[in-house]
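Novice: Quick mapping for you: the protein sequence lines, in order, are chains D and Z.
Residue numbering for the first sequence follows the numbering used here, starting at 3 and increasing by one per position.
Residue numbering for the second sequence follows the numbering used here, starting at 3 and increasing by one per position.
Hints were generated in silico from the structure; no laboratory data involved.
Keep in mind that a hint or two might mislead.
Put simply, identical chains are the same to the list, so a pair is met inside one copy or across any two.
Here are the computed lysine-lysine pairs in the PhoX-like style, where the Cα-Cα straight-line distance is at most 25 Å [claimed, not checked]:
no., residue 1, residue 2
1, 196, 128
2, 112, 149
3, 131, 112
4, 97, 6
5, 6, 32
6, 32, 146
Given next are the chains, with one letter for each unit.
There are 2 protein chains.
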Amino acid sequence: MTYKVITISREFGSAGRTIGRQLADELGIKCYDREIIGEVAERSGLAESYIESKGEDSSQGRFSSMLGRGYYQGMTNEDQIWQIQSGIIKELADKESCVIVGRCADYILKDRDDVLKVFVHADIEKRAKRIVEVYGETAEKPLKRLKDKDKQRRAYYQIYTEIEWGDARNYEVCLDSGELGIDTCVQILKTIVKGTE
Amino acid sequence: MTYKVITISREFGSAGRTIGRQLADELGIKCYDREIIGEVAERSGLAESYIESKGEDSSQGRFSSMLGRGYYQGMTNEDQIWQIQSGIIKELADKESCVIVGRCADYILKDRDDVLKVFVHADIEKRAKRIVEVYGETAEKPLKRLKDKDKQRRAYYQIYTEIEWGDARNYEVCLDSGELGIDTCVQILKTIVKGTE
Numbered sequence: 003m004t005y006k007v008i009t010i011s012r013e014f015g016s017a018g019r020t021i022g023r024q025l026a027d028e029l030g031i032k033c034y035d036r037e038i039i040g041e042v043a044e045r046s047g048l049a050e051s052y053i054e055s056k057g058e059d060s061s062q063g064r065f066s067s068m069l070g071r072g073y074y075q076g077m078t079n080e081d082q083i084w085q086i087q088s089g090i091i092k093e094l095a096d097k098e099s100c101v102i103v104g105r106c107a108d109y110i111l112k113d114r115d116d117v118l119k120v121f122v123h124a125d126i127e128k129r130a131k132r133i134v135e136v137y138g139e140t141a142e143k144p145l146k147r148l149k150d151k152d153k154q155r156r157a158y159y160q161i162y163t164e165i166e167w168g169d170a171r172n173y174e175v176c177l178d179s180g181e182l183g184i185d186t187c188v189q190i191l192k193t194i195v196k197g198t199e
Numbered sequence: 003m004t005y006k007v008i009t010i011s012r013e014f015g016s017a018g019r020t021i022g023r024q025l026a027d028e029l030g031i032k033c034y035d036r037e038i039i040g041e042v043a044e045r046s047g048l049a050e051s052y053i054e055s056k057g058e059d060s061s062q063g064r065f066s067s068m069l070g071r072g073y074y075q076g077m078t079n080e081d082q083i084w085q086i087q088s089g090i091i092k093e094l095a096d097k098e099s100c101v102i103v104g105r106c107a108d109y110i111l112k113d114r115d116d117v118l119k120v121f122v123h124a125d126i127e128k129r130a131k132r133i134v135e136v137y138g139e140t141a142e143k144p145l146k147r148l149k150d151k152d153k154q155r156r157a158y159y160q161i162y163t164e165i166e167w168g169d170a171r172n173y174e175v176c177l178d179s180g181e182l183g184i185d186t187c188v189q190i191l192k193t194i195v196k197g198t199e
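So here's chain D without its partners, still in its complex pose (with noise of 0.2 Å):
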């Protein structure tokens, strides 16, 4: 098996985006995170703040809109976002070999027989500790918003797609890294990638 694509899913505040990062680094491929956002802007003429806020780590999503606005009424902005930058990582996906970190890659191109699909997690505790001093978070305490956005990442799997957000059967490999540390996860990485080529 030679995979191309690598997709990281991962918890808020577990360095997945990092681990994505370096991962690319060492591979000599390109990481695609936000950039994403900035494509969908392009596309579909709405600003990224908007599409970012209507993304994973949204609260709302078609549930929501489904049931404020009744069902046959067509496609929200949610659904619309949706597809495009589901056409967008498939066309990634395509093109050439990259990390691509979180936007429910793993669901977006679960018919390819090339992606390595990785999630990962971290003890809430060192989390918290992870993202105030990495981020500087301060606006709300870091437990109460990682649990907040714990529950919408989980909902908006939940929305679009079948999978269970965290269930290790939906992966090829999922990493405590708060436990193995992120230099680690990104040597189990590589070795995978770089022994199945």
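Got chain D; can you put chain Z on it based on the hints?
Specialist: Just chain Z now, kept in the frame of chain D:
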């Protein structure tokens, strides 16, 4: 972090036992699996086959016993087996560096911080192929047998532990042995254990 003990929880047919044995061989430590049943038999006076029938692949357990006999009637054989087995696993972890396959060792040793908790899984089609090849399973249709086993192990975890069997967040590492291959899984785990010594 130095990992003294590696627990391997696994789906039936996912080669978790083989990975455990190979890892133990490469690390020069012991691997405990069925040996624990022998020791439970020794201490309880119950037959090994009986103990096995009441273990993690049993569809019975504390819950069904409770239903059948009223709550306050004392320990069932299942409870006694659980208690003795837990004691043995704790003793093993105290005594020596080792690999322990199955038997809810991840939960039993949850208060130790020197335990690397691993979950091994694989696609059901690949597991079916494996149990036919390795164990020569012919008595039942392999897919049905696997579904029953999955259900039993999940139920056993629900009854005896607080752990959602297969939720990535309960383990430091989860590996899809069907995709990654047995040797790669062993190498990943060895890298983690050696790298953190």
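Novice: With reference to the structure, classify each hint as holding or not holding.
Specialist: Here's how the hints hold up against the structure:
no. : hint      : result
1   : 196 x 128 : between (30 Å within a copy, 23 Å between copies)
2   : 112 x 149 : between (27 Å within a copy, 22 Å between copies)
3   : 131 x 112 : between (33 Å within a copy, 22 Å between copies)
4   : 97 x 6    : within (10 Å within a copy, 44 Å between copies)
5   : 6 x 32    : within (11 Å within a copy, 37 Å between copies)
6   : 32 x 146  : neither (33 Å within a copy, 43 Å between copies)
Consistency note: the structure conflicts with earlier hint 6 alone.
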